[in-house]
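> Line order of the protein sequences matches chains A and B. Taking the working numbering, the leading residue of the first sequence gets 439, the next gets one more, and so forth. Taking the working numbering, the leading residue of the second sequence gets 439, the next gets one more, and so forth.
Be careful, since some hints might not be right.
You can't tell identical chains apart in this list, so a pair holds if it fits in one copy or across any two.
[Stated by the list, open to error] Here are the simulated DSS-like cross-link-like pairs (lysine-lysine), alpha carbons at most 27 Å apart as the crow flies:
1) K798 x K532
2) K550 x K575
3) K641 x K803
4) K607 x K639
5) K590 x K755
6) K742 x K550
7) K641 x K590
8) K803 x K590
9) K535 x K803
10) K607 x K590
11) K590 x K532
12) K755 x K532
13) K755 x K607
14) K798 x K550
15) K798 x K590
16) K755 x K575
17) K639 x K803
18) K590 x K535
19) K575 x K607
To be clear, the hints were calculated from the coordinates, so they are not data collected in a lab.
2 protein chains.
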Amino acid sequence: MRSLPLSGLSFRDRGVIVCEEANLKRNIDLEEAQELILSRVSPTAETSVTLFESLGRILSRDVPAGIQLPLFDKSPLDGYALRAESTLDASCSKPAKLAVIEEVPAGTVPKKFVCLGTAVKVMTGAPIPTGADVVIKYEDVLRENDFISICKPLRSGDNIIRAGEDVAKGERVAQSGTRITSPLIGLLAALGIAYIPVFNKVKVAILSTGDELMDPSQVIQPGKIFNSNLHNLVAACQEMNVEPLPLGIVPDQRQQTVDILDQAVQLADIVITTGGVSVGDFDLVPEALAEMGSTILFRQVDMKPGSPAMVAEKNGKLIVCLSGNPAAALVTFELIAAPVLRQMMGLRHFMPERVTGRFKGHFDKASPQRRFLRASLLPEFGNIVELTGEQGNGILKSLLNCNALIDVPAGSGPLWDGQEVSVVLLGAGQRVH
Amino acid sequence: MRSLPLSGLSFRDRGVIVCEEANLKRNIDLEEAQELILSRVSPTAETSVTLFESLGRILSRDVPAGIQLPLFDKSPLDGYALRAESTLDASCSKPAKLAVIEEVPAGTVPKKFVCLGTAVKVMTGAPIPTGADVVIKYEDVLRENDFISICKPLRSGDNIIRAGEDVAKGERVAQSGTRITSPLIGLLAALGIAYIPVFNKVKVAILSTGDELMDPSQVIQPGKIFNSNLHNLVAACQEMNVEPLPLGIVPDQRQQTVDILDQAVQLADIVITTGGVSVGDFDLVPEALAEMGSTILFRQVDMKPGSPAMVAEKNGKLIVCLSGNPAAALVTFELIAAPVLRQMMGLRHFMPERVTGRFKGHFDKASPQRRFLRASLLPEFGNIVELTGEQGNGILKSLLNCNALIDVPAGSGPLWDGQEVSVVLLGAGQRVH
């Protein structure tokens, strides 16, 4: 761990009394930051939901099949169930003639036993009657009154869907920590599992600090800007299927910040803030965090954008404080907050996925500090990765088609066309686990 | 168009009076089926929603920027704004000394004009005062009382974020027919767009027919099975962000089927049914469709699984009837219903995306009929495509990790390892448009 001093004014310079921890971690590596906070969270409590409510939720238990699928031997088609033996020497000139002793629509149970010389009419999906070992299609028999004629020998076992051929009883069909998708919902329904054990939805309080911010619904005032972070982060939480609690904009006022942070910790499982963490913001958020008695786990991460990020803890809940700069807020949300959210959701795979990409285009700046570039990965073209636009901290447009971040190590020169780069996949770009 | 006769019993054989259209299309190609129905739907009406409600909705208009971004020239850091000219001959031995005439926190407007020999203290994000053309960091000046000293000449334009460098006023930031994502929500918020023009959510009534079906919440009876289709399709609709109206299970009873279909057409924008379309189901759904006065657009599609699919129209609304077989229902939902839903949603790209894949593994069956195989495409490995498991019509498990369908043309032999195949991407496998 490096411990570069914070540049600019420090807490003490400004006359504020802060119980700064002796071992407060500053300007740490991203990986150390991730580890520090991931070790402090665990999945939310278990609950259960109906199938209709289960999409996107995370299974809190392994799910074993309580029944086999199919539940019984059944017919894949409309036809006649019989014993193959009954057709042993059948031919067109000397067809086998069988008595039809019963009709079994799907959803009913055959009552009669099929012995030599008899057949039972079955609909698609109907159970195979006891004694029968083969089904023949309607179209392949000649029916006259209560008899059918068959022109060729049949092979025992043909046209029978075997009980358990899809899922064996007791088989684990889904693993705890899996995100529930529509086909899994279909499978759970087929198994008669109507109430699904899942982790509670993670509640995320989100707030933005800054006197310069106005809500997009307001009329803009001179010198002010519209707050995009709150809306962007709320939607990013919705995309992950965590429950955002938007707490709005807090003015640059210490007591108000303390009050709303205290309230946020009570209301939610985790708190995310934007703004108020860089030097020029008068250290507003760090001061508020100290005043409310939280423990600061680290301050500043050695990366660009987003280096002012810090995380504190109060009552076992994390307060993740991101830079107010939109691009920085989003990059650190993805790299610092999202893994924690995924672990709290109970997902088995919570770290962002990484692939090796081939850089297309050029990026002329050197990177004395580790840098994450907004990019678009095209896996169908051999993991080509392109920048999505300008990389300035304030640029929002290049977030639009960004599904990946290029991780440029500290000390790198400009990137050249064709260079191999390490790529972190974001949100929708990630495989569903 | 081919028009093979339907095998098995026809409407008339069963003594039912049906206003069958002379030109009813039967056993048509998938592409013809898609075209027939896509030409009959259009996007739903326009509405508007708040930013918080907008995730996943489809923009109903192009969105121009009403303001530029940033709205004004601003400082990217905490420092002093001045004229570069004031530092022309500055050096460590002979620093330029400037009077600090004002402080501008972010969110306030500078009042003073910066002339030679003066500077204004600015916070990150603060507007650049008139007259100033460069910003220098706090850390790079020596401040004494109301004066700062600078040791080197500065370059005009440095450390200023230019108004409009992200988005120009009037620039189209998003196109009608685009799905709204979290970064777009951030951008719209930054532009002060609080109410977003979107298409209404498409309402999809979904019902399953079949006496053999029980809801997963019930206790299973002999010969019955749990209904998975309703739950799978409801979740598939939720995944697409259309609004499912689950209407439950309808018994194999013509009048009840007519009544619920009539109700469904009134309640929803489109109706999807499963079951009751194959021969063995007594043609229940086709009869009900005829009795309710709907026009059958086609019946049977030349593909496997899912060939019994049919589509009718009543009062300008489509009734899409899929096989009751789970795998068939899902494949035809993706290939026939989903494109229609996406067009009704207003999405610009509504057809399933196709790529060329390289088949890995083996599939030993020949395909006399066109066949869609449940598969998993791995774009990161050069579009390798593997089967997800057994391909039987009743198999649910192989739908679990299925993100693609291999489109095997009619008349194909077994598939060999390494063979080039045409692949249709499904749901989450598709790029977000």
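> When the hints from earlier in the document are held up against this structure, which numbers fail?
As far as the earlier hints go, 1, 3, 4, 5, 6, 7, 9, 10, 12, 13, 14, 15, 16, 17 and 19 are violated by this structure, in ascending order.
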